[in-house]
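Enquirer: Here is how the chains run, residue by residue.
2 protein chains.
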Amino acid sequence: MPVDKRVVVLGSGVVGLSCGLALAKEVGYRVHFIARDLPEDSASQGFASPWAGANWTPFYSRDEGPRQAKWEEATFARWVSLVPSGLAMWLNDTRRYADNEAGLLGHWYRDTVRNYRELAQTDLPKGVAAGATYDTLSVNAPLYCQALARELQTLGATFERRSVTSIEQVFEGQDDIALVVNATGLGAKSIAGIEDSACHPVRGQTVLVKSDCKRCTMDSSNPEAPAYIIPRPGGEVICGGTYLVENWDLSPSPSTAQRILAQCLALDPSISSDGTLDGIHILRHNVGLRPARTGGPRVEVDKLTLPLVRSTEPGSALALGTARAPAASGGLKREVTLVHAYGFSSAGYQQSWGVAQDVLALVEGEIGPPQAWAGRAKL
Amino acid sequence: MPVDKRVVVLGSGVVGLSCGLALAKEVGYRVHFIARDLPEDSASQGFASPWAGANWTPFYSRDEGPRQAKWEEATFARWVSLVPSGLAMWLNDTRRYADNEAGLLGHWYRDTVRNYRELAQTDLPKGVAAGATYDTLSVNAPLYCQALARELQTLGATFERRSVTSIEQVFEGQDDIALVVNATGLGAKSIAGIEDSACHPVRGQTVLVKSDCKRCTMDSSNPEAPAYIIPRPGGEVICGGTYLVENWDLSPSPSTAQRILAQCLALDPSISSDGTLDGIHILRHNVGLRPARTGGPRVEVDKLTLPLVRSTEPGSALALGTARAPAASGGLKREVTLVHAYGFSSAGYQQSWGVAQDVLALVEGEIGPPQAWAGRAKL
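Residue numbers (the numbering used here), protein chains in the order written: chain U, 719 to 1097; chain W, 719 to 1097.
Since the hints were derived computationally from the structure, they do not count as laboratory data. Keep in mind the model is a prediction, meaning the values are calculated, not measured. Among the hints, erroneous ones may be present.
[What the hints assert, rightly or not] Cross-link-like lysine-lysine pairs, in silico, DSS-like; alpha carbons within 25 Å at most: (1) W/Lys1051 x U/Lys1051; (2) W/Lys723 x W/Lys743; (3) W/Lys1051 x U/Lys928; (4) U/Lys1021 x U/Lys1051; (5) U/Lys788 x U/Lys743.
[To be verified] Derived coverage of chain W by chain U (criterion: at least 3 residues anywhere in the stretch with Cβ under 8 Å from a Cβ of chain U; other residues may be distant): (6) 842-852; (7) 901-908; (8) 991-999.
All residues carry an ideal CB built from backbone N, CA and C; glycine is no exception.
Whenever a hint applies, use it, and build me the whole structure from the sequences.
Expert: What follows is the structure in structure tokens.
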């Protein structure tokens, strides 16, 4: 039986890993990761995944984001199944505060989560216009990614640490690549052949706290100063945060850290051993860049002709080598297929499993099931 | 004979490496590096050193920057001595263009470089107000750092890959640290215990080109669109650039890349194999964040009391753990000594060896020469 060509997943953040797992596990593709940062790099600011709060809380109404809602429902169901393993954790009585009724997103996910109920005015802190409570889930971001990677490795997936600045570098000297899944997050902005100028960062600063607090609070009642408390498996709590659009600053701001801790303490004094700022046990100050995209996430098939044509419109302004007109490349001209999966901003974790299902369907539609799988299906 | 305590150098960019080499080689200190990024990480955007043009060209007049001028003279002399090894390379007939006579910095370095001569108006391109020509030097930034690291290793220096977010983490459980040299560049902004808010990035975008061009051109005649061509050892040329203050964006901008190449080609068509944009052989698009500091570089001794006092003024807003009043820390309170060496912005390479001499003097002033060295000196 012939060996199938590989599917290369570019990027090993939560989206790339989830796509790879769906491909390797559900249909048996041979999966190979190429990534600058790998799941074990849990202190790297080069990608967003290590820094996420990684709780499940929608950001759009179903009308504003029908794709997102579908992805989130799929991921929620998946995470519920992971609770017994300890990878996901229930956040009972989560409180969500908004600056107006619209901030509760039409309550579309009331039947997805458990025990959803709108909060009465009398149950809301001063200054909060609307609120809801429900039981949702979180994961521990770096541990979750590492668990996905371990499962992938048991399925035969391989990982290569390599920084790719052009899609051409993925295919260079390779004849056994069937397709590339592009899960490069913010990288999609400047990888030659993609160069998606709609990509931009949304800077998030958080404080990682050691605490037994198990209650999640999401307070968006003041858009100038968002605050959230996200417990996660392992006796840790993420206190946030910021949503600074187009801000690439990777250094934690001391004044922002103080603002975050003061607000979080007011929302839930149990994050501190003695109810004071001084009693908060800080493990780390974090900054991560959420990989956002104007117009929303990009999940679709794309065809590219290699070699890239440099500097013309349409073409690639960041292509490497010398400019090569297609006519000059002789027999080397080739069309390659990409499936994009990037631009998830704050929602990468909670949408990851639904996105992976869509990516799997797109890959199958392009290249069909693996030979080995088709053979097995016939048995 | 007792073994001397170690000098820890925090950061292994060109400044840290140069300081470490002076300490280990000239006075025989035991040197240990702790750094998030190591010299072999030549594709890491986590530090500035891999991305420098790394030619020797002053940015300040002697009046504006007397310290800088001294450091640069020392480094120039050092680099001249490295030419035979191939680590440094002469850039003959370098052209420097400015937007006014002041941009030539009072010609202070005319006797440091070779063959310095002011250019006549008739020798200047259209739009250039003033210019000079001289023979100066460049190094290949990543290769230079790796050569420093190799020399350090032969001298017994050790390297530890570790991300430090607080000065306390350097000393935790360590009794054999005599002093810490802080060469963390932009990291000084957000490492607890330093938290220097004067630090900020100056974003530089360049294009690395394969070319036999050996002539350096530095064109600052249009402050809105600086352009430079810096040949370096290895048949490579750095084409730049940008000086964007407080801009942390690590993604190469396609339009900036095109602007840079067009200007550089106009300045010197020999960077292209056929004199056209299409004939420029691009190896890589680079972005690096120059570690600048309002008020200029910081090279001085600093004393810090551990544990850090959290969140008070004066104190550390980014200290980890719980807040510990000095009284609560029992016998663990200790004073530690730092020698700072950061904030060199565009000039880290060309000032590195002079800075290292100053740091060496400061270290000796604080802790004296090593026992072993003192013993040897008596022989």
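Enquirer: Report the numbers of all earlier hints that the structure fails to satisfy, in ascending order.
Expert: 1 and 6
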